[in-house]
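Protein sequence lines correspond, in order, to chains A and B.
Just so you know, we're using this note's numbering here: the first sequence kicks off at 1 and counts up by one.
Just so you know, we're using this note's numbering here: the second sequence kicks off at 1 and counts up by one.
Mixed in with the good hints, there may be bad ones.
If chains are identical, the list can't say which one is meant, so a pair holds when it fits in one copy or spans any two.
[To be verified] No farther apart than 20 Å at their CA atoms in a straight line, the calculated lysine to aspartate or glutamate pairs in the DMTMM-like style are these: (1) K156 to E40; (2) K50 to D79; (3) K139 to E23; (4) K139 to E115.
Hint data in this document are derived by calculation from the structure and do not stem from the laboratory.
There are 2 protein chains.
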Amino acid sequence: MGKMMAISYEPIGIIHSPFPGIENVPIQPTAAAGILGTVEVFAEFAAGLKDLEGFSHIILLYHFHRVTQSRLVVTPFLDQELRGLFATRAPARPNPIGLSVVKLLSIEANVLQIEKVDIVDGTPLLDIKPYVPEFDHYKVERTGWLAAASRQVGGKRSDDRFG
Amino acid sequence: MGKMMAISYEPIGIIHSPFPGIENVPIQPTAAAGILGTVEVFAEFAAGLKDLEGFSHIILLYHFHRVTQSRLVVTPFLDQELRGLFATRAPARPNPIGLSVVKLLSIEANVLQIEKVDIVDGTPLLDIKPYVPEFDHYKVERTGWLAAASRQVGGKRSDDRFG
């Protein structure tokens with residue numbers, strides 16, 4: 001397989017939120033308590049939502065559509081130092097895929113009501129997966145530069161540095 | 001934005017594992033203790049690995065390259081019932097993006113040694129993110145059909161149903 005293999009995806013829906021632009025968005029779902037949004041899954045994929053309402057939390061994978069260029073070294077929102085991109089959750093990635101775990105409040109037909117939304121309005125949705133502690137909780141030994149910084153996430157909002 | 005917007009990604013590396021095909025693979029990292037693999041990040045992205053070695057666990061996002069068709073309703077490995085695709089972690093997704101949290105053992109230049117590998121050899125890598133309990137641990141109220149089934153994940157291996 002060559003390096004230049006292209007992988008092509010299409011949005012399966014759109015995420016709606018109170019955040020019209022990339023500035024002033026909570027920088028993780030943990031900083032987005034009480035913030036409501038909706039996920040509109042396109043009708044042709046609605047059959048795949050069966051059984052999803054049994055889960056209180058879901059993983060959303062989405063395309064950071066407002067990122068205009070990727071970088072390999074960034075100064076993250078939570079730090080003043082330059083960090084390797086893959087050691088951060090910054091949006092300006094070679095493949096700008098975002099990951100958020102949100103609270104699922106309800107599903108009506110193809111529309112999901114969600115809470116803890118840290119996502120820009122209009123973001124193209126790529127995938128939904130159930131969040132399950134048995135698969136998603138790991139006991140870690142080290143969290144690198146984020147060990148100190150992640151405790152400050154609560155009050156932090158984004159700016160336009162990754163536009 | 002129309003529904004037909006195409007999103008194009010390119011692999012940033014290749015995941016190597018002891019699993020040459022889609023059969024007999026652990027179905028979650030939790031079922032893959034002691035299984036070693038490597039991640040070869042292409043040289044042009046190696047600068048983005050700075051600071052990553054500080055993290056004991058990392059999130060790999062990758063392309064399920066062996067999936068030939070997506071389905072909206074599947075019988076998962078852990079169940080005998082038909083379930084909505086988005087309520088499962090099955091690979092046969094509209095956008096076949098896989099997500100695994102693996103243990104990071106070491107990094108040398110552009111090669112990562114990893115453990116708890118539940119991924120087919122040769123899988124194209126899309127993204128690496130640091131795994132941080134402050135962002136990735138959620139207290140859930142409900143895990144739907146997986147509440148009972150997920151406890152059986154330890155001894156389970158895949159078969160060829162999603163090829």
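Hint check results:
1. K156 to E40: Neither, since 27 Å and 34 Å both go past 20 Å.
2. K50 to D79: Between copies, since 15 Å is at most 20 Å while 41 Å is not.
3. K139 to E23: Close neither inside one copy (33 Å) nor across copies (28 Å); limit 20 Å.
4. K139 to E115: Between copies only: 14 Å across, 25 Å inside.
Hints 1, 3 from the list above are not met by this structure, while the remaining hints are.
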